[in-house]
Amino acid sequence: MSDTDRERELEALLTLSRRGRAKVERLHEILTTPGHFGTGASPATVVYRENKLRLLRLLDETGEPRRGPPVLFVPAPVSRYFILDLMPGRSFAGHVAAAGYDVFIADFGTPSREDRFADLEYYVSGLVRRCVRTIAALTGQSSIDIIGYCLGGTLSLLYAALYPETVKRLVLLTTTVDGDVQGGISWVAHRMGLAGESYDEPRLVPAVEVKSWFELLAPGSNSVVGRVSDLWERLDDPPERLRDVRTMATWVDDVVPAPGRLLAELYRKFGPGRNTLMAGTATVGDRRIDWSAVTMPVLSVSAEKDTISPPEGVDAIVKIVPHAQVMRLPGGHVGIVAGRAAKALWQRTVEFLST
Amino acid sequence: MADDKPELEPTVLERWLTEQQHWQRTVMSYVDSLVKNDEFLVHLGNAMRGSLLAGKPYPTQPSADATAPQTPADDKLDQVLFALHKIEGQLVDLRLSLDELRASGEKKKAKKRKDKDKD
Chain A
1 MSDTDREREL EALLTLSRRG RAKVERLHEI LTTPGHFGTG ASPATVVYRE NKLRLLRLLD
61 ETGEPRRGPP VLFVPAPVSR YFILDLMPGR SFAGHVAAAG YDVFIADFGT PSREDRFADL
121 EYYVSGLVRR CVRTIAALTG QSSIDIIGYC LGGTLSLLYA ALYPETVKRL VLLTTTVDGD
181 VQGGISWVAH RMGLAGESYD EPRLVPAVEV KSWFELLAPG SNSVVGRVSD LWERLDDPPE
241 RLRDVRTMAT WVDDVVPAPG RLLAELYRKF GPGRNTLMAG TATVGDRRID WSAVTMPVLS
301 VSAEKDTISP PEGVDAIVKI VPHAQVMRLP GGHVGIVAGR AAKALWQRTV EFLST
Chain B
1001 MADDKPELEP TVLERWLTEQ QHWQRTVMSY VDSLVKNDEF LVHLGNAMRG SLLAGKPYPT
1061 QPSADATAPQ TPADDKLDQV LFALHKIEGQ LVDLRLSLDE LRASGEKKKA KKRKDKDKD
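Sequence order for the protein chains is A and B.
Going by my numbering, the first sequence opens with residue 1, and the numbers climb by one from there.
Going by my numbering, the second sequence opens with residue 1001, and the numbers climb by one from there.
Hints are computed from structural coordinates only; laboratory data are not their basis.
Remember, it's a predicted structure, so these values are computed and weren't measured experimentally.
Among the hints, a few may not be true.
What the hints assert, rightly or not - The calculated lysine-lysine pairs, modelled on PhoX-like cross-linking and capped at a C-alpha distance of 20 Å, are: (1) 1056/B with 52/A; (2) 52/A with 1086/B; (3) 343/A with 305/A; (4) 319/A with 269/A.
Claimed, not checked - Chain B is nowhere near these chain A residues, computed Cβ spacing over 12 Å in every case: (5) 61; (6) 69; (7) 164; (8) 180; (9) 273; (10) 322.
Virtual Cβ for every residue (Gly too), placed ideally from N, Cα, C.
Please put together the full structure from these sequences, using the hints given.
Here's what the structure looks like:
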């Protein structure tokens, strides 16, 4: 090898070293910069607590609750609530509040060991119902608007069927009703052995296990090497973009453990091959669900690229609630709610609530 | 007039030495953060798993006793504890129902008073 070749090689290595160092320095900057991680972006006060649940009420700039019509956001109990109030400028709940609504968010919290006995009835006729009743008592409104996301949408739909007089309008976001549509989280959970989850002797399903089901739907994210390589590539992005990514990544990775009894019940009733929501034979506790009771306006939104709740399984709501308005948006399960193009959903929701 | 001598470009070796000093500074900034900021180690651990999760460690398999009872007594205790949570909720339901009854009673009284005043 000539001296020139050797020099050229050293130059190339030097460039590589500088690029690598820039990434390592950017990582340090990102890891030491404060941001909105793990909490909602909007000022809020806790108006009700029960077990691990907190009912949050958003406040305006003066620290007072808004006086508009009440709206309750119901997130999925297996993930964290703050996806609905992610960060300033990227908050679904904040957008609805800015439109003048008195916004409440149910934060189901993190279940502990004794909560493994929690079932569908505990969530629907217990926690969600008491949230609605508390809101009614605070606002003097006997019926309120409800916006349910993912599994939170399932809880909201069941609640609306059981207590229709208390629901003014219902918005369901990426809420699967047809469990026989292939793909999505219920099929992955099915293949990963959810069928073996015991209803009678439930365990607290570890967060890492719940997370592994979601990871199987996002190729590459279930391997450490794949994730590290993704992160390394991302470190070329500008710091402000990376801070946004970190806020979202914190939500994605902050999965909570799930009550085994709830998962076993969801699987046995609504999962592949059971599908009682579509058959009209669903029950909550000892009460039968009657879809004809759902007479309030319903808007159901699916996402074109949703790998968690396939859009066909979401749009199937028109088969059980024929008057439901169905809308399919471009994007994925999380993107339509909190991504860069989420404003389309937020605006449509506010329009729907104002009709 | 002084001669404008062109500055000599550093050699590759010199630039490598400078780069090495930069790396030392970068490593020191990490060490500094590790010493000063308790959470930084957690965040760095998450990053080494390819995650930017902030505030808590990346989820890993918990110990067996964190998810399932070790003895039948633990199981019973958990059941009792959860039953207490349910009772707590039912008491709230009862209070809310009483509040609703009281409010509707007051409304009725007010209406009666109004009707009387009209008569």
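- Message: If we take the beta carbon of residue 322/A, is the closest beta carbon in chain B still more than 12 Å away?
- Response: holds, 33 Å
- Taking the shortest Cβ-to-Cβ distance between residue 69/A and chain B, state whether it exceeds 12 Å. holds, 19 Å
- Taking only the CA atoms, is the gap from residue 343/A to residue 305/A under or equal to 20 Å? Judged against 20 Å, a Cα distance of about 17 Å means the pair holds.
- Is the straight-line distance between the alpha-carbon of residue 52/A and that of residue 1086/B 20 Å or less? holds, 12 Å
- Task: Would you check whether the claim that residue 61/A is not at the interface survives, using Cβ distances to chain B and the 12 Å cut-off?
- Result: holds, 27 Å
- Does residue 273/A sit more than 12 Å from chain B, CB to CB? It holds; residue 273/A is separated from chain B by about 27 Å at its closest Cβ, greater than 12 Å.
- Is it the case that residue 164/A keeps its Cβ farther than 12 Å from each residue Cβ in chain B? At about 18 Å from chain B, residue 164/A clears the 12 Å cut-off, so the statement holds.
- Message: So if I understand the rule, the pair passes when the alpha-carbon distance is 20 Å or less; does residue 319/A with residue 269/A pass?
- Response: Within the cut-off at roughly 18 Å; holds.
- Check the non-interface label on residue 180/A: least C-beta distance to chain B beyond 12 Å or not. With a cut-off of 12 Å, residue 180/A remains clear of chain B, as the shortest Cβ separation is near 30 Å.
- Straight-line alpha-carbon gap residue 1056/B to residue 52/A, limit 20 Å: Holds. Residue 1056/B to residue 52/A sits at ~18 Å (cutoff 20 Å).
The earlier numbered hints are all upheld by this structure, with none contradicted.
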